[in-house]
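Turn these sequences into a full structure, and let the hints steer you where they fit.
Protein chains: 2
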Amino acid sequence: MADKNITAEDLAHQLRAVSVAEFFEKNRHLLGYENPTKALITIVKELMDNSLDACEEARILPDIKVSIKEIAPERFKVKVEDNGPGIVEEKLPLAFGKLLYGSKFHRLKMSRGTQGLGASGAILYSQLTTGKPSKIASSTGKEIHEIELMIDVNKNDPKIVSHKEEKNSGKWHGIKIELETEARYIEGKQSVFEYLRQTAMSNPYAKIIYDGPNGKVEFERVVKEMPPLPREIKPHPYGVEIGLLRRMLASTNARNLVGFLTSDFSRVGRGTALQICKLAKLDTDRKPHDLSHDEMEKLHKSMQMVKLIGPPTDCLSPLSEKLLEEGLRKETKAEFVVAVTRPPSVYRGNPFQVECALAFGGELPKEGSSQLFRFANKVPLLYHASDCATTDAVVDTDWKRYGFSQSSGQLPQGQLGIFIHFASVWVPYTSEGKQAIASYPEIVKEMKLALQEAGRKLAVYVRQKNRMHDRQMRKELFEKYIPELAESLEKLSGDKKEKLIEALEKIIKKSAIKSEENEKEGDGREPEKTG
Amino acid sequence: MADKNITAEDLAHQLRAVSVAEFFEKNRHLLGYENPTKALITIVKELMDNSLDACEEARILPDIKVSIKEIAPERFKVKVEDNGPGIVEEKLPLAFGKLLYGSKFHRLKMSRGTQGLGASGAILYSQLTTGKPSKIASSTGKEIHEIELMIDVNKNDPKIVSHKEEKNSGKWHGIKIELETEARYIEGKQSVFEYLRQTAMSNPYAKIIYDGPNGKVEFERVVKEMPPLPREIKPHPYGVEIGLLRRMLASTNARNLVGFLTSDFSRVGRGTALQICKLAKLDTDRKPHDLSHDEMEKLHKSMQMVKLIGPPTDCLSPLSEKLLEEGLRKETKAEFVVAVTRPPSVYRGNPFQVECALAFGGELPKEGSSQLFRFANKVPLLYHASDCATTDAVVDTDWKRYGFSQSSGQLPQGQLGIFIHFASVWVPYTSEGKQAIASYPEIVKEMKLALQEAGRKLAVYVRQKNRMHDRQMRKELFEKYIPELAESLEKLSGDKKEKLIEALEKIIKKSAIKSEENEKEGDGREPEKTG
Chain A
1 MADKNITAED LAHQLRAVSV AEFFEKNRHL LGYENPTKAL ITIVKELMDN SLDACEEARI
61 LPDIKVSIKE IAPERFKVKV EDNGPGIVEE KLPLAFGKLL YGSKFHRLKM SRGTQGLGAS
121 GAILYSQLTT GKPSKIASST GKEIHEIELM IDVNKNDPKI VSHKEEKNSG KWHGIKIELE
181 TEARYIEGKQ SVFEYLRQTA MSNPYAKIIY DGPNGKVEFE RVVKEMPPLP REIKPHPYGV
241 EIGLLRRMLA STNARNLVGF LTSDFSRVGR GTALQICKLA KLDTDRKPHD LSHDEMEKLH
301 KSMQMVKLIG PPTDCLSPLS EKLLEEGLRK ETKAEFVVAV TRPPSVYRGN PFQVECALAF
361 GGELPKEGSS QLFRFANKVP LLYHASDCAT TDAVVDTDWK RYGFSQSSGQ LPQGQLGIFI
421 HFASVWVPYT SEGKQAIASY PEIVKEMKLA LQEAGRKLAV YVRQKNRMHD RQMRKELFEK
481 YIPELAESLE KLSGDKKEKL IEALEKIIKK SAIKSEENEK EGDGREPEKT G
Chain B
1 MADKNITAED LAHQLRAVSV AEFFEKNRHL LGYENPTKAL ITIVKELMDN SLDACEEARI
61 LPDIKVSIKE IAPERFKVKV EDNGPGIVEE KLPLAFGKLL YGSKFHRLKM SRGTQGLGAS
121 GAILYSQLTT GKPSKIASST GKEIHEIELM IDVNKNDPKI VSHKEEKNSG KWHGIKIELE
181 TEARYIEGKQ SVFEYLRQTA MSNPYAKIIY DGPNGKVEFE RVVKEMPPLP REIKPHPYGV
241 EIGLLRRMLA STNARNLVGF LTSDFSRVGR GTALQICKLA KLDTDRKPHD LSHDEMEKLH
301 KSMQMVKLIG PPTDCLSPLS EKLLEEGLRK ETKAEFVVAV TRPPSVYRGN PFQVECALAF
361 GGELPKEGSS QLFRFANKVP LLYHASDCAT TDAVVDTDWK RYGFSQSSGQ LPQGQLGIFI
421 HFASVWVPYT SEGKQAIASY PEIVKEMKLA LQEAGRKLAV YVRQKNRMHD RQMRKELFEK
481 YIPELAESLE KLSGDKKEKL IEALEKIIKK SAIKSEENEK EGDGREPEKT G
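First to last, the sequence lines map onto chains A and B. The numbering of the first sequence is our numbering, which starts it at 1 and goes up by one. The numbering of the second sequence is our numbering, which starts it at 1 and goes up by one.
Keep in mind that the hints were calculated from the coordinates and are not lab data.
Which copy is meant is left open, so a pair is good if it fits within one copy or across any two.
When the alpha-carbon atoms are kept at most 27 Å apart in a straight line, the in silico BS3-like pairs for lysine-lysine are as follows:
#	residue 1	residue 2
1	155	287
2	445	38
3	38	26
4	234	26
5	26	445
6	234	281
7	216	176
8	91	155
9	109	155
10	155	26
11	38	216
12	132	77
13	109	26
14	298	69
15	234	132
16	301	159
17	26	307
18	38	301
19	506	465
20	77	298
The following block contains the structure:
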């Protein structure tokens, strides 16, 4: 049947491992490098994310300088400098020269970066398109280490091209990174400038100086306090798959099941641990390493059956309504801003929290659709809006209730800015490019509740404004016709025209006051559905 | 300024490597496992892709059995068995138990699988959701090896749970894989059944037996020849970034530049190699390993400057117009099918080829939007249609020219099936889930040209049909009024009614023939734009 061009033995010779660096070099679009315009934004974003995370962890108010210079057509030099804690010398090469290497993957705590793919991905793209090493300077406050670094793509390992140690008389601490890349620079809705502007909105405690191809801009610090430092938490029993449980059982230091359950999970006290063991018909003294597959399955099932409170939420660091309002008011110059921070919630065992703000009027565009600003862990999302849970939530909200026109499946129309912030220990991005949040029902529901609460508050203001406008129009219309009306009435009744005009004006005034009173009474909340 | 909760030293302790398996376990949505319904389709798809690839490479007409059984609520057993060449014993654990391990990543040749993430990803998801090992049986025609396998997630390495060797009296060869998984089974547009139905459409030389929760279905083999085996090619100079060039220079066996250029690239003969060296002002005898960065840049630039013919295209294996037509006609029972295979083209140095077919009438739905069937390297794409280059091409095509109504930004309306096949050595999927093709302008353009060519052919048929329909309507209308008209004329002219009717019928007949002739003349091709 077969003419056996290729045999199993031939195929066996072709089998070999692919390094992570090779994989992401070829699949660069997964990291956000699918075109030269996006590549530039991605580089700035990844380096900024790291800088902001490092500053916040060290409780340092961030001062970040970003510089982009065109050095040849479609060739740019990008520099990002922060005042964070820096990285110790020994770890510098790995932190920047190895993909999937970092501090944030194995912990449950809100941060911008997660996988250890950001800065190393930027360096990988830089060397792919220019063939050049990246320069990294770091100081923890002592001497300054400056290295030139490439990534050995076949091995996914750093290759140090040069290393200098310098005195640090100014006691500078932080990271300075400089790289060259093929890229394209644009202004507009999806641009480095817009990314930085929105970053300033969601990080009002940061100072960002941007020196770009079209001049220098400074985003000043608006507030001097940072949100509280989020705490690392243990996994919640409800969010742990059996495969992960098996691994946790194999690697735990606990000597028995009760110890394992209470020390390796959040929200499991001794009482609950005993209850879980009882449900699973497992001896509380059993060694975690010794469980058979069936016993693991029973344990896993029992963990889902006990009643537990949700995971602790101090692993989250929301912006707060105050910071939200200030950030949005500053950037949109809106005449009215309202912000809502929802209580924390849970999806797939991961705590998360939604915040939203609505801005009305000001410098927002008067015509067309409202503007949606999307953020995940304080990072602006500029791409793939149509795939994002935030968009689903806005589109599914009935904006007519709040005084805005809206076509089915569309954003509302009007001079409206909508700001949604999703904060979580694990943001379910739809791809590694980290540009859209997956539409888990729990997430969309929370977003809708936040929008509805903010929408109701805004509606009071908007209705008031619309009414005043309507009333003014009606009044003007009446006033315009009063002389004409008076003339006709004069002919009919024989009364003096001036007297009639006076009487008519009195009537208008009275009716205006009355309708105002009526409207105030009718302003009670209407019930809403969240579906 | 800082209250230094966390120092650079603290951060250093948290830094560590993430294994590829850990990464994809946590980011399972990147592999297509974002929900239980899709997980089941993804598992079947990945195993089928491997089976079809292996059979084709070994020139064996594929016989594939797929079985899905519900063994508990939301828990399924999936089995896929092929008659391919099998995998040799030594490589079996790595081929299935290590992510990013395979034969297809490092070569330029069209195939379904690419990264070495498919089967291992399915096994990873199975063990995550059930905690159980997968069973794999393989034979290359000699003894049968059966292993039970898990993946050591922390190390990304296979862990063999058991290994049996059995006699193979029936001389069976192939792979049999059996795993358990959490999943949800549905019927409909995005289902295992639909995936298999469309796979049968695009692989009419395969026989697929599907034993699912709702019964057994057999997709018979329609043709007995396979498309020609694609050949592996070398990279084309236009598609090589400088970072890759640097690596090729470092690892080549060639002793001088001319040897390097002629042996490591496609379409570079000795003359062209000399020309490239001259343009780069580099001695033809230079050792590839010795080039400085500046010299590499010059070499890279010169490679882009010489005139070269496109890459060889025998690395592609399109379906052909004949197979396309047969596949589509069989599945849609259409009354008219037209297929177009475009000549090969190139994006970013990668050869690709577009095929399309249009089916009209038959069992296609009469109301609403047309149906789009999308394929990449013969694999049906069921998800993310709105993100796909195929959709962009269909939406951008002016279907009114071909007799179909269409709203702006939408698929055309009507009883129409649109089949697009994208074949390439490297399909630019928008994510690892491999469900949508990125919209490179070169790709969308080729798709539009294919659709336009097919559209014109279909239009002739559709117009003819519409015209005949219109004419019939007009004729019927006339005929209905002839007696009435004749009666009136009789009164006016005094002629006999019967005579008048006869005359009127003659007129109708004549005018019908005339309008038919007129229409035939006007059927010349209209010029079109491709933007």
